[in-house]
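Asks: Chain by chain, the residues run as shown.
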Amino acid sequence: MSNLRSLTFDAIIIGGGGSGLRAALELAKSGKQTAVLSKVFPTRSHTVSAQGGITCAIASADPDDDWRWHMYDTVKGGDYITDQDAAEYMCSEGPKSVFELEHMGLPFSRFDNGRIYQRPFGGQSKDYGKGGQAARTCAAADRTGHALLHTLYQNNLKNNTTFLNEWYAVDLVKNANGDVVGCIALSIETGEVVHVKAKATVLATGGAGRIYASTTNALINTGDGIGMALRAGFPMQDMEMWQFHPTGIYGAGVLVTEGCRGEGGYLINKDGERFMERYAPNAKDLAGRDVVARSMVMEILEGRGCGEKGDHVFLKLDHLGEEVLGKRLPGIVELSKTFAHADPAKEPIPVVPTCHYMMGGIPTNVHGQAIMQDADGNDQIVNGLFACGEAACVSVHGANRLGGNSLLDLVVFGRAAGMFIEGALNEGIDYLDASESDIDAAMARMNRWNESGGGESVPALKAELQDIMQNSFGVFRQEDNMKDGVQKLAELRGRIAEAHLADKSNAFNTARVEALELDNLMEVAEATAIAALERKESRGAHSRYDYPDRDDVNWLKHSLYFPAEKKVGKRDVNFKPRTVDTFEPKVRTY
Amino acid sequence: MSTLQVSIYRYNPETDSAPYMQEFQVETHGRDLMVLNVLELIKEQDSSMAYRRSCREGVCGSDGMNMNGKNGLACVTALSDVVKNNKLVLRPLPGLPVIRDLVVDMGIFYKQYERIQPYLQNDEPAPAIERLQSPEDRDKLDGLYECILCACCSTACPSFWWNPEKFVGPAGLLQSYRFLADSRDTATRERLADLEDPFSVFRCRGIMNCVAVCPKGLNPTRAIGKIREMLLANAT
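Going down the list, the protein sequences come from chains D and V. Numbering-wise, full-length UniProt numbering puts 74 at position 74 of the first sequence, and it's gapless, one number per residue. Numbering-wise, full-length UniProt numbering puts 81 at position 81 of the second sequence, and it's gapless, one number per residue.
Chain D with its partners taken away, still in its complex shape (with noise of 0.2 Å):
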């Protein structure tokens, strides 16, 4: 029954955020074929929300600053499961990612001297950690995403990228060979089905916070690309690993960022207690994510929490000054007295540790070519499949990610996969045509949501996924808990499976979307607990009371998630960067 209408592109792109963006501005300029599909027009995707800034080493605001000590700061930051060769590659290229953004516009803050303003961020160090706090995070004061993001749109529309707005991407077209030769789409406006054809399929899909019932996430993080990739029969790594952001405003969930802190800001308990202090008393509060976020939930848990529940601790700037907050942090004020009815310019921030980022997913090398094992566990190419940005895991943060590392991440690896692909079809690509049965096995679920004549409602069973996600599979672990976790998600895997579509209607189906989205979050979701229970350690944001230490023996390894079996293998880290010494794993402190 697959008389779809196809169409056809050199490249796809799925997802319009930053990597997506910046892959296809590379392809557009190319002159290849290029299409971004993107379930939102492009400047409403999750990088919009990004803050704080973008971590390089440009040397403004230190003229002695080197890229070798952002990657020490990047591969201590992980808890050494970060690639070397993909931080050294990110780290290196990384200044000329960042000038090329500003050549197209991007409003950069600026330094008295006209160069960009840099700021402190977490986890930044001088001279491989002996030279102190580094200043290394590139801002637009602190709507850095959303400069970012624009800039990139505006640079592809002066490149006559070609823009599937408001099209969803429901599934990977497989052909007879496993290549992956483009995906169905869904016309969000015209409820249209379609083939999308194409000789190399990048997934740009971003994050998926949306597991969580608390999130800094937008509610389109729903991780389609890790769902498409996951029924397609590709494995995910590190998945467990998942952010904690120190400061989601308490009760919304919404993100302050840790510019805030780089700018002089710093967190207390209900004794008015600087904590870090304690916890991190070199860095303070400016200690890695992890750190930071499980500091503040053993104060909470200590019974020196704020508020009548004592369930959140302030996060002070009044001392900084209406000026400082005016200049350098105005979106953060808007955002205080919006949701936490605050100003902070005389009253402490609400906050809680909030999930932020997924720091696992698809796993590729640094030109965003998928990865797959064969039986003998050795690395395999996954033919015409890419990724980048939030949705891969290439994997340069690891255990654990630096604040600002995701924007440069974005536009490196975006740019790389861009480049990449297209010397490939200068090359030359010849995949197998996808069969009508190929076609139809990627169109299944989507039929199976169209026919559905009952069952219970999306937004019942998606709140019982955040729920269990919050409760198993939050900062703290423990074997139990994730073990009644990880059943209770084969348990509602059946039901999403049994779930009703009320609206079977064509013309802008929200409805539709969120159930398809609903199958995405279910398949980010389990393979985040059946990897988060197998990992029987403590490392950067995977932290179990059962396990607490660092088992460098049995886990200076990747995780992989292979979803067929539901089982997780192991992969092994890159420790070989090309033109710098391996940084051997140390004990990790601030």
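Among the clues, some could well be false.
[Stated by the list, open to error] Just the calculated beta-carbon pair ranges, DEER-fashion:
| # | chain 1 | residue 1 | chain 2 | residue 2 | range |
| --- | --- | --- | --- | --- | --- |
| 1 | V | P97 | D | R5 | 22 to 32 Å |
| 2 | V | T188 | D | A460 | 52 to 62 Å |
| 3 | V | R115 | D | R5 | 22 to 32 Å |
| 4 | D | G454 | V | G69 | 39 to 49 Å |
| 5 | D | E323 | V | D123 | 51 to 61 Å |
| 6 | V | A193 | D | A460 | 49 to 59 Å |
| 7 | D | R5 | V | N122 | 52 to 62 Å |
| 8 | D | D480 | V | H29 | 55 to 65 Å |
[Claimed, not checked] Partner residues are not named here, just some residues of chain V that face chain D (Cβ under 10 Å, in silico):
| # | residue |
| --- | --- |
| 9 | M34 |
| 10 | S48 |
| 11 | M49 |
| 12 | R53 |
| 13 | C60 |
| 14 | D123 |
| 15 | I129 |
| 16 | E130 |
| 17 | L132 |
| 18 | R138 |
| 19 | L141 |
| 20 | Y145 |
| 21 | E165 |
| 22 | R184 |
| 23 | E229 |
If you are wondering where the hints come from, they were derived from the structure by calculation, not from laboratory data. Note that beta-carbon positions come from the ideal geometry of N, C-alpha and C, so glycine has one too.
Keeping the supplied structure of chain D fixed, place chain V upon it in accordance with the hints.
Replies: Here is chain V on its own, set in the frame of chain D:
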């Protein structure tokens, strides 16, 4: 009890010959919810309700709509800011074609944005590092670059309603001035030449609805005034 009366514009092109207002009762439990939260509760009652949303924190610009007669973003508009007599009326942004319910076709709005060439143009070769810009020159972009393209302003503008094809509208002109004001942009002459007709800029009558509704507190009228000054200075 704290039951809010909500009246919402409904239209599904497949089943409705004409739009109509539908009444909902929403239990708020006395909480000062955002309008977006109210819509989410309504969608749980009636999954066919269509609206756009993404960031839910006022930075992505998806959920511009008309709430009790005034344009704004549903996600950062608290009920206490907008509800009168326990009644909330939600309509799509005025002046644009409705696709379904609260979802409008923003094509003409985006077309006007694209028309002003919303990207930095600089014909000199780029340096190996960033182009330098003084903090004072950078300050000139404040109040301009923060636009989120929500269309609250342009769809509150009578001049845009009358001439959406020819008048660029407040959002497009704000972005036009964002590049005219950028010390790094060298296309000032071309940009102005493209606006030098009776409609593109001069249809602005200074009504200032745009300023009244901008959820980011921006001032398109002031930017339009600056463009007028540049155009007039150019002409003499």
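Asks: Which numbered hints does this structure break?
Replies: 5, 7, 8, 14, 21 and 23
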